[in-house]
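Asks: The residues making up each chain are set out below.
There are 4 protein chains.
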Amino acid sequence: MKVGLMGFGKTGKAVASVLLQSRETNLQWVVRKSHTLEHRSVPEFLGISSSEPGFIYSRDEFQAKELINKLPVDVIIDFSAEEGIEYYGNEARDREVSIISAISHYSPEKIDYLSYLAEKTRVVWSPNITVGINFLIIAAKILKKIAPYTDIEIVEEHFKSKPEISGTAKKIASSLDLPEESIKTIRAGGIIGVHEILFGFPFQTVRLKHESITREAFGNGVLFAARHIQDKDVGLYSMEDLMMPYFNIEQNLP
Amino acid sequence: MKVGLMGFGKTGKAVASVLLQSRETNLQWVVRKSHTLEHRSVPEFLGISSSEPGFIYSRDEFQAKELINKLPVDVIIDFSAEEGIEYYGNEARDREVSIISAISHYSPEKIDYLSYLAEKTRVVWSPNITVGINFLIIAAKILKKIAPYTDIEIVEEHFKSKPEISGTAKKIASSLDLPEESIKTIRAGGIIGVHEILFGFPFQTVRLKHESITREAFGNGVLFAARHIQDKDVGLYSMEDLMMPYFNIEQNLP
Amino acid sequence: MKVGLMGFGKTGKAVASVLLQSRETNLQWVVRKSHTLEHRSVPEFLGISSSEPGFIYSRDEFQAKELINKLPVDVIIDFSAEEGIEYYGNEARDREVSIISAISHYSPEKIDYLSYLAEKTRVVWSPNITVGINFLIIAAKILKKIAPYTDIEIVEEHFKSKPEISGTAKKIASSLDLPEESIKTIRAGGIIGVHEILFGFPFQTVRLKHESITREAFGNGVLFAARHIQDKDVGLYSMEDLMMPYFNIEQNLP
Amino acid sequence: MKVGLMGFGKTGKAVASVLLQSRETNLQWVVRKSHTLEHRSVPEFLGISSSEPGFIYSRDEFQAKELINKLPVDVIIDFSAEEGIEYYGNEARDREVSIISAISHYSPEKIDYLSYLAEKTRVVWSPNITVGINFLIIAAKILKKIAPYTDIEIVEEHFKSKPEISGTAKKIASSLDLPEESIKTIRAGGIIGVHEILFGFPFQTVRLKHESITREAFGNGVLFAARHIQDKDVGLYSMEDLMMPYFNIEQNLP
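Protein chains in written order, with our numbering: chain A, 1 to 254; chain B, 1 to 254; chain C, 1 to 254; chain D, 1 to 254.
Hints in this document: simulated from the structure, not taken from any laboratory. Heads up, a few of these hints could be off.
To be verified - Chain D is faced by these chain A residues, among others (derived, beta-carbon under 10 Å):
id, residue
1, Gly189
2, Gly190
3, Ile191
4, Ile192
5, Glu211
6, Ile213
7, Thr214
We put the CB at the ideal spot given by N, CA and C, even for glycine.
Isolated chain A (complex conformation) (with noise of 0.2 Å):
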């Protein structure tokens, strides 16, 4: 699978080297919006091994048409920003290529506009594209529909310096019906991130837990939806839609 990353901030290049170190992917270019490091080899900059060709362009110095004539993708992956679809959106959707977009929101307008393109492309959209953060989500929904008469509380830990409570925390939440006050928000030091589900039943409890402990987290996530978008038909999909099929269990399990 030929793939072109946009973004190259911190998580963009965590992203990067899990792309590099799959087998399943190959990395075709990285367009940023700063011409720092323009034309660097993103193995080399990495300190990665890899015969992919992944070299890094400014959105200036080429047009997405451009750009995917002479290196083509099957798969762009959008760590960028709200704005960074206006470059690649209407090229994706003419040739057919597939979009996985991180970016946390975007406007009313643009997510019309992602609609648009999952008319003739497939586009999957998650803020959060862990696989722990996604498959936790789906559990604590079948658990609340299993014993919705327990308490449920959501407690997230991370840095000192992040200033509001997060998003994934907020995402949990409204997922499962809470108000933003379920959420108990823990600031300290320099914790990456922690995020639990808490059921409290009469006589038992049931916690849910995730722990981030690098970026590249991100990374496997996109490897999750760049395998399980290729055999799906056009249109706008969730982390949680692609991993819902897992929880049919009669046809999934042994």
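Model the placement of chains B, C and D on the given structure of chain A, informed by the hints.
Replies: Relative to chain A, chains B, C and D alone:
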């Protein structure tokens, strides 16, 4: 739902207390091997105000046939011992009384006998009948399918005097096709019971954790089983079988 | 050590059960406000085989003077209510009977009265008299001195119906000069009681965590206090005062 | 405080980064066995803006005498290997340069050599030089003295490829006079490092838990050691020796 209870040890008492306090069940009788507490009222003995009949009888005093003639039940709940089923099995089969058994271990002959009973009535057998543990087992199976490359470890903590590896931990291990060495056993002080299934991803960790507070948790599991067996066909079921429909998401989640 | 117990609510009963099972203490009597259970034997009521006298009296039946004349004690243990001390205070002072009080809150007048009693006898007052919590508080104070640059957060988990922030969590916060906002309060199901003090360092985390299993933990705290007050001078002590000598390492550790 | 660093592997780099960012230390040089990165500037290599000299030299290029003549230091910090001390030991002894060594293991001969160096200069040796772990070890020793009747278990979690029981866990076990079987070893995914010391009381549990986030934690431990060795007499010290004064509460706590 009229229910009878086999066994009145520590767990039997805890289950009786949950049954008495539930509006879904009406406790008709308790049968135990010992003559201790014979003819005592369960509500009075447990200090629970209830108008349910719930007297204690010994096996010697009545045969199951007589007892159920006098005090008919829809469900027999078994927290006695392996041979308890000999007392009431044929009678339950003939009258199509449902059976919910939480016996830890049955011999192959007894398992055959369960299947024989299940030809004519509904039988649930689950050595750990809590909602939490059975949910965790199914969720863990699914996560293993989603992320087969993870390392899975099982940690169980119990009070110092518990002699062996927890049967529940063994059940979790076998459900996940893991060797018994994946179970790390901690014995310390008065810990009631903790089970954790840890999934180690390269860059993230998912922990599914169950903590028992008191034995009454088994009572809530029995209520779940009693509620979900009602509309099933005759046959032999595990707690997992009863819980699985909740995991078929397209049908069950909003 | 001959002991008398004030109060026979849920916690009083749990403490009585620990006292009866300890070889260090011999329970002479229980005094309570209510007439319920009057003249019942505590060992018999709790189902513990013991040759200790331990009968239950109401405050109205005897004055403290009469009772202690009849059944002298070395230590009075108070799990009753704020005004309990009025019953036995002067008598304990005159006879130099030690006092161990676990009352949550005393008015300033009552605290003055404690100091007055402490002029002539040994008085321990600790609203949370468990060994674990008092150890954690001292250890946390020390770690804060070692690493003043860490961020400290307090998490407390209790059963859904517990109305306010836990008094123990407030005590931890004030011991560490932290505002009450450092306390994150979780209320869910039947959780007995969990307190965690989290120290966030830039590149590591230390968590000091206490989990209550049952109220009997208070009984072990009473035994610790009773054992350590014996060789002390008259005066007013907290559990921390009694525990601190263990922290003077050069003298106390091998 | 002018410091020199031996070793520039993964941990050496992390420690260098903390040293460069601390106002307490000024990094004069890094010496390593390999010729790779020779003459590179550490601030530039790590992408940290700093005016500290901090160049990288190989052992072959200069003897310790020449190097320290050129670039004198107050403290040598050793994250190299067992034989590293041969390079700088005598020179440090003669000039009374303090030594902080984090080498995991020294032969008995090397330990004798450390004692010889410690006759004339201050030497700290600690195989796990984090503040958190050393605090936990002392706190655990104290709790064991307070509650000798508790059951103690040690749990350590690390990444899948870590081959043996963690040296830190072994150190904890030996400090508490526990057999190695008290250590439960979990290996899964990319877990950086977790150590938990669990005290099981009859009716409560205390857990002392340390989680490593990144190797930079060792840098903060080095800063603690460097700060606390300054006013000490010549001699051989462990991290515990330097930390113990904080536990002498009457003198040190308000």
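Asks: Which hint numbers doesn't this structure obey?
Replies: none
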